[in-house]
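Student: What follows is the residue order along each chain.
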Amino acid sequence: MIAELGHFALALAIAFAVAQAILPLWGAWRSEARLMRAAPALAIGQMVALAVSFGCLVLVSVNDDFSVQNIAENSHTLKPMLYKITGAWGSHEGSILFWCLILSLCGGAVALFGRPLPASLRARVIGVLGVTAFGFELFALLESNPFARLWPPPLNGRDMNPLLQDPGLAFHPPILYAGYVGFAIPFAFAVAALLEGRIDAAWGRWVRPWTLGAWCCLTGGIALGSWWSYYVLGWGGFWFWDPVENASLLPWLTGTALLHSAIVVEKREALKTWTVLLAIGTFALSLSGTFLVRSGILNSVHSFANDPARGVFILGLLALIIGGSLLIFALRAPTLGSSGLFAPVSREGALVLNNILLCSIAAVVMTGTIYPLFADLLLDQKISVGPPFFNATVLPLATPVFLAMSLGPTLSWKRAALGPAMIRLWWASVAALIVGLFATFGMKLLPALAMAAAAWMFFGALAEIVERIRLFRVSLANSFQRLIALPLSTFGTTLGHAGLGVTVAGIAGMSMATEQVVLMKPGESVALAGYEFRLVDVHDAKGSNYNARVATIVITEGGKPIVTLMPERRSFTTQTMTTTEAKISTNFVRDLYVVLGEERDGAAVMRLHDNPLAPWIWFGALIMALGGACSLADRRLRIAAPTRATARAAARA
Amino acid sequence: MNRRLLLAVPLVAAGAAGVGFWSMLNGMREGKFDPRGVPSMLIDKPMPDFTLAGFTAADVRAAGRPIVINFFASWCVPCIEEAPTLLALARAGVPLWGIAYKDKPAATDAFLTRHGNPFAKLARDEPGTVAIDWGVTGVPETYLIDKSGIVRWRFSGPMPEGAAQFLAEKLRA
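One line per chain: the protein sequences are E and V, in this order.
Count along the first sequence from 1, add 1, and you get the number used in the working numbering.
Count along the second sequence from 1, add 1084, and you get the number used in the working numbering.
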C-alpha cells in the first residue's frame, strides 16, 4: 500500500512537472501574467509530491517490505537501521528518485526565494527546471521504477554491498547529488536568459549564490567520496583517476570556472556569452557523468546495475536537455551584446586566465576519461589511460593556476599593474621560499616545489585580508575593527584559496607516503618510518551481520607505545563477501594506516602505511567548502540591496 | 557570421559525442562492443585443446557444425541471471555445450535441475585448468566455435537479450 502511494505520488509529480514545463514558458512567451504567476505554485506542488514519494520509499525500506523489488535486491532484515534509511538512495532506482527530489527542491527554492526576480525571468527559470525534472521523473517511472513489486516476495532480501555499509558513504551521495543537481539552477538561469535575450549585472548577481551553493556541495561530496575510498577500500590511496571520480571532477572544474566568470558578469558585465556557456556546460557534464556511470559504458569500481537499455533512455534525455540548451545557445547567443572592456593585466584578466586554465584541465581530464572508449569504437584499439597520463598533463596546467591564484585578488578591476601587486605579496613569497627550502630536507624536488606552491597559495590568500585590515601599519585595535567590518565574501575568497593550498600540501605530503606489505606472526615486529609495529594477536569477533578476524597491533616510537590499532577482515554472511576495515591513527600531521590481509599458517599478511599530511587533503576541501558557505552568507544579504535600490530609483522616476 | 558558426561549435561537439555514445550502447546490446572487457586472444584462432570428462576438443571439432560453449558455475549469481537466456537459445535449436568451472559435480547438477539445463553436453572443469587455457576472465563466459574448431566470438558476463539474438543470427548465417 505504501509502495503504491509512493508510486502514485511520483506520477503526480510528473503531472506537476508537465504543467511546470509548459505553462510558465508559454506565459513568458505570450506575456500572460497569470500563467507566469502559476510557476511557483507548480514547482512547490511538484516538490511536495516528490517528498511524499521519497518518504514512502524510505518507509518501505525501514519496514523490510521485500515484495518491493528494489528493497528485496538491496536490503536485508539484519541490515542496521541507519543503512535501511540511507539505502533508499543507495540503489540505482532509489538514487534516481533522490536525484528527482533534489531537482524539485531546486525548483521549490527558486519559487520560494526568487520573489525579487523579474516575473518573466522567474517563470522561465522554473519552466526550464520543469522540463528537466519531467525528463528525469519519466525515466524513474518508466525505466527504473523504485516501487515495482516482486511476486512472490522472497523471505529475505539480498542485502546491500558491505562496502557501502559505511557512515561516510551513507551521506556521500546526498551531498554529491546536491552538488550535481544544484548546477541545474545556474543552467536554468542561463537558458532563461537566452530566451529572454538579456543578460546584465543583476543576472550575474542572481546566478552566483546558486552556483556557490552547488559548488560547496560538490566540493564536500567529492572530498567525502575520496575520504571514503581512502579508509574503506584499504588501498591507502585517495584519488585513483577512476572514470567516476573524473566524472565528478569535471563539473567541479567548470563549476569553479563559472563561479569566477559570474563575478565578472556581475561587476563588469563582460564575459556574458562565455558564462552562459559555462553554466550550460557544467550541468551538461553533471548529467553526462551520471549517464556514463549508469549505462555501464565506463568501467569503474562504482557499479550500478548496468543496463544498455536504460542507457539509451538517458541518452535520449541528455539529447533533449543538453542538445536543446546548446541549440538555444547557438541561436540566441549571437544576439547577446558584450561590453566592459579591460586590459590583459587586471582583475578581469586574472579571472579569464583562471577560466582558461580550469577549462583546459577539464578538457584534458575529459579526454583521458573518454578517449579509450572512442579509441575502442573508432580504431578498434583497447587502451587504458591511467594516473601517469593525468599526473603528467594536469600538473603543468595546475601550476599556473596555483601561481596566479594569489595574485588575482590583489589586482584592481579594468587595469592593474603587476609590480605593486607583487610587492604587496612579498612576505607570501618569502614564506613560500622558506617552506620550499625546508621541504627539500625531507622531500624529493617535485613534492618540495608543491609544498612551496601550497605555502604561496595559503599565505597569498591571507595577504588579501592582511592588506585590507592594514595589519602592523595601523594599531592592532584599528586592524581588528577593520577585520570585523570586512564583508564575508572577502573571507570566502580567502578561505577558498587557502583551502586549496592546504589540500595541495596534503597531496604533496601524501606523495612521500611509505608502505610495507609483510607476513607477520603474533609477537613479531616491523619497523617503518621510525615506528615499530608489533602484532599482538589475531582473534575472532562478531558483528550484527558479519563475522570478523581482528588483529591487535601496538605501534611504538622509541620504545614508547603510541597507539593500539585493531584492523579487521569482515566476512558478510548474507552476501558472501569479505571486506577489509583499515584502521588509522592520525595526529593531523601524519596517518599511520594498518590493513589486515589474508592469513595462512598462523601468520597474517599486514599492510602498513605511513601517510604524511594525509588528513590535510580533506581538511583543505572542508575549508574550501566553508569559504563557499561564507561567501554565500554574505551574498544573501546583498542580493536584496540592489533590488531596493532599483525600486527606489523606479519610484523616483 | 563567423561568430554564429563559433557559437554552434558546442552543439556540434555534443552531437558528435552523442552519436558516438549511441553506437557504443547499440554495440553493447549486441555484444559487439564491450568497454570493460579485455579482448579475447582466441578470436579467429583455433580453440585450445582439452580433454574433460563429458566432452573433448576433438568432440567439438567432430560435431560438424558451429558449437556454442558456455563456462558457468553453480556458485555464480550472474549465471542464474543468464539461465533463462540460455534456455531460450537451446529451445531455438542453438547447440549449447556447457563447461562447469571450479564446481562440485553435485552442486552443478542441483543448479541445472533448479534453473533448467540448456546444455546438450556437459563437461566438468573442477580444477579450472581448461578455463586458464581459454583465458576465461570470469563466469559466465560464452564462446562460439565454428565447424573447423576456430573461435569466432566471445561474450564475457551474462548475455543480454541483444547478444543472444546476435549469436542466434550468427549461427543461422
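What the hints contain is simulated information worked out from the structure, not anything from laboratory work.
Beta carbons are placed, not taken as given, at the ideal position from N, Cα and C, and that holds for glycine.
Treat the hints with care, since some could be wrong.
[To be verified] List time: in silico PhoX-like cross-link candidates among lysine-lysine, alpha-carbon distance up to 25 Å:
hint: 1; chain 1: V; residue 1: Lys-1129; chain 2: V; residue 2: Lys-1231
hint: 2; chain 1: V; residue 1: Lys-1129; chain 2: V; residue 2: Lys-1205
hint: 3; chain 1: V; residue 1: Lys-1254; chain 2: V; residue 2: Lys-1129
hint: 4; chain 1: E; residue 1: Lys-383; chain 2: V; residue 2: Lys-1129
hint: 5; chain 1: E; residue 1: Lys-383; chain 2: V; residue 2: Lys-1205
hint: 6; chain 1: V; residue 1: Lys-1205; chain 2: V; residue 2: Lys-1188
[Unchecked claim] Away from chain V, derived, C-beta distances all over 12 Å, residues of chain E:
hint: 7; residue: Met-2
hint: 8; residue: His-261
hint: 9; residue: Phe-292
hint: 10; residue: Val-555
hint: 11; residue: Arg-571
Student: Could you run down the list of hints and mark each one as holding or not?
Tutor: Outcome of the hint check:
{"no.": "1", "hint": "V/Lys-1129 x V/Lys-1231", "result": "holds, 13 Å"}
{"no.": "2", "hint": "V/Lys-1129 x V/Lys-1205", "result": "holds, 23 Å"}
{"no.": "3", "hint": "V/Lys-1254 x V/Lys-1129", "result": "holds, 17 Å"}
{"no.": "4", "hint": "E/Lys-383 x V/Lys-1129", "result": "holds, 19 Å"}
{"no.": "5", "hint": "E/Lys-383 x V/Lys-1205", "result": "violated, 34 Å"}
{"no.": "6", "hint": "V/Lys-1205 x V/Lys-1188", "result": "holds, 17 Å"}
{"no.": "7", "hint": "Met-2", "result": "holds, 30 Å"}
{"no.": "8", "hint": "His-261", "result": "holds, 20 Å"}
{"no.": "9", "hint": "Phe-292", "result": "violated, 8 Å"}
{"no.": "10", "hint": "Val-555", "result": "holds, 39 Å"}
{"no.": "11", "hint": "Arg-571", "result": "holds, 20 Å"}
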